[in-house]
Every structure is written in structure tokens, then in C-alpha cells.
Amino acid sequence: MGIRSFVTTELSLTEFPELGRTDLRNLKKGIDEAFKGFTRNYGEGIEDLFIPLLRFLVWFEKLMLATPWPLMIVILCALVYAGARNWVLVVGTATVLLVAGYLGMWEDMMKTLSIISVSTLICIVFGIPFGIMMSKSNRTQAIVTPILDIMQTVPSFVYLIPIVMLLGIGRVPGLMAVCIYAIPPVVRLTNLGIRLVDKDVLEAADAFGASSRQKLFTVQIPLALPTIFAGINQTIMMALAMVVVAALIGVQGLGGEVLKAVNNQYLALGLFNGIAILSIAIVFDRVSQQFGKRLQKHSEVIHG
Amino acid sequence: MADNSIDVKGLYKIFGSNGKKYIEAVQNGMSKDELNAKHGHVLGLKNINITMPSAKIQVIMGLSGSGKSTMIRHINRLIAPTVGEVMFQGVDVCKMSETDLREFRRHKTAMVFQKFALLPHRTVVKNALYGLELQGIDKKEAEERARHWLQRVGLDGFEDRYPNELSGGMQQRVGLARALTNDADILLMDEAFSALDPLIRTDMQAMLLELQEELHKTVVFITHDLDEALRLGDRIAILRDGAVIQQGTGQEIVLNPADAYIADFVKEVNRGRVIRVDTIMETAENGTATVSIPSGSRLENVAKLLSDSGETLANVVDDKGITIGAVSMRSTIEAMVTPAKH
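Chains as they are written, first to last, in our numbering: chain A, 1 to 304; chain B, 1001 to 1342.
Possibly wrong hints are sitting among the right ones.
What the hints assert, rightly or not - Simulated pairs of lysine-lysine, PhoX-like, Cα-Cα distance not exceeding 20 Å:
#	chain 1	residue 1	chain 2	residue 2
1	B	K1046	B	K1032
2	B	K1056	B	K1009
3	B	K1115	A	K199
4	B	K1115	B	K1126
5	A	K215	B	K1115
6	A	K136	A	K199
7	B	K1217	B	K1108
8	A	K297	B	K1126
9	B	K1021	B	K1046
10	B	K1095	B	K1115
11	B	K1038	B	K1021
12	A	K215	B	K1139
13	A	K215	B	K1126
14	B	K1217	B	K1056
15	B	K1095	B	K1009
To be clear, the hints were calculated from the coordinates, so they are not data collected in a lab.
Just need the whole structure built from these sequences, with the hints factored in.
Take a look at the structure:
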């Protein structure tokens, strides 16, 4: 029959009808060439844009390394206490720092802490305003949500390629990779937190003549703060998860040592540095959670 | 005293994506059900005309779905009408610019909500001064004024608590203090006492009446409870399916219900607490009775006076003490009992 001969000769069901090999090669080459051309023309300019950021990163890292270690431990413990008001956590933090230092990881730990702090800071500074914008308009939300989905699901190695092509390797591309992966939670949860604010309270603010700015600062942000803090907590955790990946493009620190251990099959080195990253993660997590809980103090005592 | 009456004229509200389009059909008599079935729009309010007297309590009464909460939100334009006017001091609230509206809400109105709507992250005093804070009034002065009103509503000692730590009744006192601190001419109360249990509700009603005696604000009070309406309202408007079906004083509504629906409502009312002696008194020849009662007294007070004194007749006297009529035990009791025809 006509149909059978069509199937067997023109369209095989077992072999996918691919683009011709030459065409496929030309397509990939075309994309590569186009991006390389873009890099050649604008790469330097874009790199220059990030020089202030690089300077800040280097300065912050140097500052942390130049601070005498006992003072550093005191500062970090004080920060933990200020955030969590919990002595167990303070003692835990001191122990982690002392043990890590004793095992030769002080410098790497400071480097990791510095890049995590800066990237978290950047995520918060950009993420919260973005979340607020998203909460104000359904259209913005419809546009931003899929972008956030992409940022979280595309394997980080995929966007590392263009970043490295554009900016080379080093701290700035590493920081960008971390931020791309870590910023979505704080944006999402800021948006969610503001959208979940009790409509009755918002109506009351309206009835008393609040401008939209006053509503934002006296009602929406304060009531969304616990949710925003859950987002910041997640952002920190995701930033820490990226330190090993960031090490691939030249970010020094604990992640770099783990990478070295993987490449050379050094079990102990890998374990020590891995546990150090884990400890930082636990401390950050507990401190930000306790802080978030303290923000909700007012809702604790519920009248029966 | 300034005229702070609110004049609602020809107000219609049609909920839906394009309410304006159907306004003519509704004005020509299209019913709520027909509008919903044919065009998917909901008729919220239909030709509302109420003149709310200055410095008096205007009650708007209706069951759920009657449009009473929609109605009160038109006065400070939390909801904008489809057509109609809300006139206050010569200005139509519905035509104000955003900025003017904000100033109007800040300085001329204050609102109390059924679900309190307090700011949970702020202490009681910070809640009470919220309106002043929005106006940009100096912190110290705002706090002083807030504390004054908190004390007036009986919340001394609770200033630094959070709303969550208080009972429902106390939370609504905070809501009332927040509204009073604003010192606005109009006080909007949206089912303010409906969420409270009966004893506390009665307390709050008494407090509102007591405060009103010295404050003389134009109060718009929404309720679904006829007893509450009769107790508080200088004037009452009854809403059903988005339209006003009767308005007048409590006594007028109880004595002359406009239709069977309202008659059904007022059947259970304690008439002795609503009807005034002036309504049933007869112009009497002077000096027949040994006891007298002031004009405007409620029948239950007349009954008590007569039974306490053992008399069957009382003089009704005006505020100068001149006898203007007389009332008998018999007619008092007759008027207090629900007529059989209802």
C-alpha cells in the first residue's frame, strides 16, 4: 500500500528525523561565533563595569583576613548573639571557628564567609525591591516568575559558560553565579509575604488615609517580614550550596579545597572542608531562623 | 456648630467589569437576578438616597447581603460608586482627586471595623496613634492624644500590650480609640460590635452613647441587629437587596413598618424601650395626676413610674415643667404589647 511505502522510505519511526549534520554544526557554530563576537566587542566594557564590585570583594576579603583571629571570633560570636539571643549557638559558633582554624582552614573559611556575606547582601539589596515590585502588579509577577524558575532550574554549569566567556574566571563571575542561583527565594517570598498581608488591615490603612508608600512601610513590609526572613534564610542556604560550583571558576575558599580533594581523591581534605561548609550552613540557618522568630514575638501570645 | 451632615444622592453600585454599561437598564427597572443572569454583573446598591443628620447617629440596618457594608464604604470611598453623589460640607466625595480623598480620609473620617483590623505588630498605643502618624503629627503629641483616648475607652495599663494579648472586646476598644484619636467629624462603624458577645456589646453601646453625648460626631453605624439599631440610632435606614426600604426614627419604623418584611422584623422588639410617651399621651386637663414624667420618656419608664407610685395616671411635662398631656397605665400597657395584626 501507499502508506506503508511512505513510512518505510520517507519517515522512519525508529530514527528521529534530525536536522542534517552540517546544518546542525553550522547552527551551533553560528551561535558560538555570535556570542564570541559580542564578547570581543563588549566584554572589556562589561568587565570594567564590575571593577568596583571586584574591588569591594577583594577589600572585604582582605579585611576579614587582616583582622586578628581572636577579634574575628569575638565579632562573629557577637553577631550570632545579636541575631539569635541564644548562648548555645554562640558557643557552637566559637567551637566551629576554633576547630576549623586548628585544622588549618581559617583562611579558607574567612574567604568563604566573605563571598557568602557579600552575595547574600547583594541578593537582599536587589531581591527585596524586586519582590515588592512583583507584589504590586500581577503583570510583573507573570513576567518575573518564569525568569526565577529558569534561574533555579537551569543547571548552573550552563550559565557558567557565557559568564566565563564574558568575564573570565575569578571572584566576580563566581559571585554572579552564586547570586543567580540564590536570589530567587528572597524575591519569591517577599512577593508572597506582601501578597498574604491581611486584607482587613490594609483596608484599615486605606480608611485612615495611608498613601501607598505609608502602607508599604507601616503595614505590608512589617507584616511580611517573617516571610521575607524565611526567604533570606533560603537564599543563604542556596548561596552556600554554590560555593563548590563557584570554585570551578576560580572562587577561593572551602569550596576550592573540596574541588582539589575531588580531583586528587584526598578523602580527609574533602571531609574536613565539607564539614566546615556544613557547620557554617547550620550556624547561618539557626541564626536567621531565630531572628525571624523574634520578629513574630507580637503574635506569640494569643488570647484564648 | 458646623454642618457635618452627609448627603447620599442617587447612589448606584454595580459590581463587575463594566458596571456603567448596565446602569440605564437598572434604572429602568432591571432586577438584581436578571442583571446577574443576563450580564454577569452584581447589583450592589440601588438608588440610595439618605440624608445623614449632622452630629447624630445614623444607623443602616440590613441582613447579610443587603449591601450595608458596601454602603458605608462609599462614604470614605473605599468603594467607588457606579453613579451617584456623597456630599459632605459641599464637596462630592466621589469626585475628589486621589490627594484630596487621602486628606479627606485622614482628617474628616475615622472608621471602626467588624474584625477590628488592628495592626498586630504594633502595641495598643501605637495602634491608637496610627491615624495621627499618617497625618504626620509630631510623635509626642500623637502619643499623648492616643493615651487620652485609650484611657477614655477604659484601657489604661494596656498601652504597651500587643492586640493579640487582648480579648475581642478590648481589641474593639482599641479600634474605637484609634478612630476617636483621629478627631474626625465622621465616625464610620462597620458592624463594630457584631463580633462581640452580648454583654460586652451592651457595654460598648452604652459607652458609644455616652461618648456621643459630648462629642457630637456624625456617626454612621452599620448593624444587622434591630435592637442595636433602635438603641443607638437617632435615625435608621433599612436596606434590603441593595435598596432602602424604609427610613425614619426607630419609633416611626416600629409603629408604621413599611412592608411585611419590616413588620416581621419589628414584631419581636421590646416596644416599651422604643416608643416615647409623647406618641400615646392625651392632651389632658391640668392637674389630674399626682405624678409626672418628662416629655420624650420611654414607655418602660412610664410603666415603672406608674406601678411604683401605685397611680393609674401621670402628667407629661416639658423641659420647663409645664404639663402638656397625660398618659394612663392602660394606654401605656396597650402600646407596649405587640398589636395582634402584626
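Here's how the hints hold up against the structure:
For the proposed pair B:K1046 and B:K1032, the alpha carbon gap of about 9 Å is at most 20 Å, so the pair holds. For the hint pairing B:K1056 with B:K1009, the CA-to-CA distance comes to about 19 Å; that is within 20 Å, so the pair holds. A C-alpha spacing of about 11 Å is found between B:K1115 and A:K199, which places the hinted pair at or below 20 Å, so the restraint holds. Under the criterion of a C-alpha separation no larger than 20 Å, the hint pairing B:K1115 with B:K1126 is consistent with the structure, at around 18 Å.
Our distance criterion of 20 Å between C-alpha atoms is met by A:K215 and B:K1115, whose separation comes to about 19 Å. Taken as a hint, the A:K136 and A:K199 pair is honoured in the structure, with Cα atoms around 14 Å apart against an allowance of 20 Å. This hinted pair checks out: B:K1217 and B:K1108 have alpha carbons roughly 11 Å apart, not beyond 20 Å. In summary, the hint linking A:K297 to B:K1126 is supported, as the alpha carbons are separated by about 16 Å, within the 20 Å threshold.
For the given pair, B:K1021 sits about 15 Å from B:K1046 by alpha-carbon distance, which is consistent with the 20 Å threshold. For the given pair, B:K1095 sits about 29 Å from B:K1115 by alpha-carbon distance, which is inconsistent with the 20 Å threshold. At most 20 Å may separate the alpha-carbon atoms for a hinted pair to count; B:K1038 and B:K1021 meet this at roughly 13 Å. For the given pair, A:K215 sits about 18 Å from B:K1139 by alpha-carbon distance, which is consistent with the 20 Å threshold.
For the given pair, A:K215 sits about 15 Å from B:K1126 by alpha-carbon distance, which is consistent with the 20 Å threshold. Proximity of B:K1217 to B:K1056 is assessed by CA-CA distance (about 7 Å); at most 20 Å being required, the pair is judged to hold. Of the supplied pair hints, the one linking B:K1095 and B:K1009 holds, its CA atoms being roughly 13 Å apart against a limit of 20 Å.
Consistency note: the structure conflicts with earlier hint 10 alone.
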